[in-house]
Amino acid sequence: MEGRGQKTGFKRRLYHLLLWAISIGFFSPIIWMIICSLKTREQILTLPPDWLFVPTLKNYIALFHMFNFTKELMNSIFMSLSAVIIAVVVSFLAAYSFSRFKPKGTDLIMFLLLSMRMVPAAAVVVPIYLLYSAAGWKGTYSGMILFYAMFSIPFSVWILKGFIDGVSQRFDETALVNGGSRMHIIFRVVMPQVKPGLIAAFIFNIIFVWNEFLFNYIIGGKQTATVPVGLAQGVSVGMSIQWDFIATVTTFYSVPLIILIFFFQKYLLVGMTFGTVRGEV
Amino acid sequence: MRGWLRNLENPRYLQHLLLVPVLIFFIVWNLIPLFWLVGLSFYKYVLVTGEPLKFMGLANFYEIFNSFGIWNSLSLTFLFVIVGAGAQTFFGIILGFIFWDSKDLPFRRVALTLIFTPMIIAPLASGSFFRIMYDPVFGILNYFIRGIFGVTIDFLGSSAWAFPSVLIVDTWMWTPFMMLMTLAALGSVPKAELEAAEVENLSWYRRLFHVVLPHGKFILMLGILLRTIDSFKSMDIIFTMTRGGPGNATELIGITLYRQAFDAFNMGQASALAIIALLIAISFTSIYLHVFRKKEAAE
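For the record, the sequence lines run as chains B and W. When we follow numbering that gives the first Met the number 0, the leftmost residue of the first sequence carries the number 0, and every step to the right adds one. When we follow numbering that gives the first Met the number 0, the leftmost residue of the second sequence carries the number 0, and every step to the right adds one.
If we strip away everything but chain B, and leave its shape as in the complex, we get (with noise of 0.2 Å):
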């Protein structure tokens, strides 16, 4: 930016200050959980605060003895890259019609698409309720990676019809010239381009997933219940709230978010505004 000349090292080096304060400042409820996950209950619950303590991990194995918590973890990943992977891959091949062959009511499905996801979960959940109960779906692994695959779709054809677009329709041109194939234009020519589309769909549907608690709560069962519902119905025990047990369950599944996030922040972006908005920050 404009100015950077002006600054002397010592001004440049108390902005970077400024900027690393406003980015603990934001972690820091982050940080205070993180310290509580390693504490024992009669630490967390002591005022004024234990800032010296021993940290313990005793709380991290306690939640690995629990049965229902393994099951639960074990749910949340399965369901969440099974959900996606069939979402990514149905939602490519549409977004490749979409893009090259502009079906007729494409406007119209892109739209309805984006519908989906502006509509609040409690406004769907009810039909989809309803037709689950009916078809004898409900808690069942099948019917609830098809509804997440279903839920990560709108999203996902939108982010892939964006890239493909910005694919030149030269390169399918050349290749069916060269007597390819059109699978082989689309998994072999199309698809490689639009990589940075592709793990943006499918970072931002396993975030969805991992984190979506409402749908499993409602049509899941016990066998299918993932974390958050565990956590949810872990709050408390009888009328006592289980402090570890909320801190060490909160650490220990947004870790692999936050790594996740640190790796490929350059999604970040697209995936949240479904590939209407991209460049890098």
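Worth flagging that the hints you see were computed from the coordinates, not collected in a lab. Since the structure is predicted, the reported quantities are computational estimates derived from the model, not experimental observations. C-beta: ideal position from N, C-alpha, C; glycine also. Treat the hints with care, as some may be off.
[Unchecked claim] With beta-carbon atoms standing in for the labels, derived distance ranges: (1) Ser132(B) x Val19(W): 23 to 29 Å; (2) Ser180(B) x Leu30(W): 28 to 34 Å; (3) Ala61(B) x Phe67(W): 44 to 50 Å.
[What the hints assert, rightly or not] Restricting the straight-line Cα-Cα distance to at most 35 Å, the calculated cross-link-like pairs of lysine-lysine (DSBU-like) are: (4) Lys293(W) x Lys101(B); (5) Lys190(W) x Lys265(B); (6) Lys194(B) x Lys102(W); (7) Lys294(W) x Lys103(B); (8) Lys101(B) x Lys294(W); (9) Lys216(W) x Lys103(B); (10) Lys10(B) x Lys102(W); (11) Lys194(B) x Lys293(W); (12) Lys265(B) x Lys293(W); (13) Lys194(B) x Lys294(W); (14) Lys53(W) x Lys43(W); (15) Lys43(W) x Lys221(B); (16) Lys137(B) x Lys53(W); (17) Lys216(W) x Lys194(B); (18) Lys293(W) x Lys190(W); (19) Lys265(B) x Lys194(B); (20) Lys265(B) x Lys102(W); (21) Lys103(B) x Lys293(W); (22) Lys137(B) x Lys43(W); (23) Lys265(B) x Lys216(W); (24) Lys101(B) x Lys216(W).
We have chain B; now place chain W onto it with these hints.
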């Protein structure tokens, strides 16, 4: 076999074939439930009582518009959206400008990861966690407040404090998003124009209104719209922290819908409410696309 394969290659068939999986998803999970929803909204249908469906015409909608509870939750929702999205936009833009010149920040990637964390972790996790930070007896926030002001605030348990307390958590979660959008908007301003403004020695507000905003305004508008829509949808965070309570102090429209459907099992009424929410969402979508097209046209 050959002929079949060749048909597959023919764009006339291929274009539809590629859409089939998405359309199946769309029909089974969107269209059928939607028709169901529209149909049910004309009926009285309470799940647990086992009463048969009773056709009511528009009575469900009539009831909604005459119910105090729903107007109350609609106005709470709008307050939540306006104050929440407003605060997030305000702070986000300020932070965006502060971080504009941060390209040479040491460990910038780590710093940005720390800032963006609130918006990507599960709302259920942050909600549960703030619940224990807000605790009147053992919570860390009340420890500091007792130390400074000598009083204890029951953040989530008193009807005066519950709404602002939830709003604060929402703002913590989503200010980083508006900051991200501001950074993107600022990044879209061509360097040459900024340098020209520097050479011309333009005043800061001329730079803002003649150089920065003409390029960045659409991205900012998309950001504000997304925040509006998403905070209109807020659900998980309130569900964990207060479940709409105490009383209905934090009962936004999503929670009302949830309570109608899954506490009262009044599916007819809930469907009618869902349709109203759907229409609001569709109008938001149209506005969003309108801005998006304008942005595309401007580029």
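Tested hints:
Checked against the hint of 23 to 29 Å, the pair Ser132(B) and Val19(W) passes, with Cβ atoms roughly 27 Å apart. For the pair Ser180(B) and Leu30(W), the supplied restraint of 28 to 34 Å holds, since their beta-carbon distance comes to about 33 Å. The given range of 44 to 50 Å is respected by Ala61(B) and Phe67(W), whose C-beta atoms sit roughly 47 Å from each other. This hinted pair checks out: Lys293(W) and Lys101(B) have alpha carbons roughly 21 Å apart, not beyond 35 Å.
Distance hint between Lys190(W) and Lys265(B) is fulfilled; the C-alpha atoms sit about 20 Å from each other, no more than 35 Å. Distance check on the hinted pair: Lys194(B) and Lys102(W) sit about 26 Å apart at the alpha-carbon level, within 35 Å; holds. A threshold of 35 Å between alpha carbons decides the hint, and for Lys294(W) with Lys103(B) the separation of about 24 Å falls inside it, so the pair holds. Of the pairs offered as hints, the one joining Lys101(B) and Lys294(W) holds, with about 21 Å between alpha carbons and a cut-off of 35 Å not exceeded.
A C-alpha spacing of about 32 Å is found between Lys216(W) and Lys103(B), which places the hinted pair at or below 35 Å, so the restraint holds. Taken as a hint, the Lys10(B) and Lys102(W) pair is honoured in the structure, with Cα atoms around 15 Å apart against an allowance of 35 Å. At roughly 27 Å between alpha-carbon atoms, Lys194(B) and Lys293(W) fall within 35 Å of each other, so this suggested pair holds. Straight-line distance between C-alpha atoms of Lys265(B) and Lys293(W) comes to about 24 Å, which keeps the hinted pair within the 35 Å bound.
Straight-line distance between C-alpha atoms of Lys194(B) and Lys294(W) comes to about 24 Å, which keeps the hinted pair within the 35 Å bound. Of the pairs offered as hints, the one joining Lys53(W) and Lys43(W) holds, with about 5 Å between alpha carbons and a cut-off of 35 Å not exceeded. Distance check on the hinted pair: Lys43(W) and Lys221(B) sit about 30 Å apart at the alpha-carbon level, within 35 Å; holds. As the CA atoms of Lys137(B) and Lys53(W) are separated by approximately 26 Å, the hinted pair is consistent with the 35 Å bound.
Of the supplied pair hints, the one linking Lys216(W) and Lys194(B) holds, its CA atoms being roughly 29 Å apart against a limit of 35 Å. Proximity of Lys293(W) to Lys190(W) is assessed by CA-CA distance (about 22 Å); at most 35 Å being required, the pair is judged to hold. Distance hint between Lys265(B) and Lys194(B) is fulfilled; the C-alpha atoms sit about 13 Å from each other, no more than 35 Å. Proposed proximity of Lys265(B) and Lys102(W) is supported: the alpha carbons are some 14 Å apart, at most 35 Å.
Restraint check for Lys103(B) and Lys293(W): satisfied, since their Cα atoms lie roughly 23 Å apart, inside the 35 Å limit. Using a Cα cut-off of 35 Å, the hinted pair Lys137(B) and Lys43(W) holds, with the two alpha carbons roughly 24 Å apart. The suggested pairing of Lys265(B) with Lys216(W) holds, with an alpha-carbon distance near 21 Å, which does not exceed 35 Å. For the hint pairing Lys101(B) with Lys216(W), the CA-to-CA distance comes to about 30 Å; that is within 35 Å, so the pair holds.
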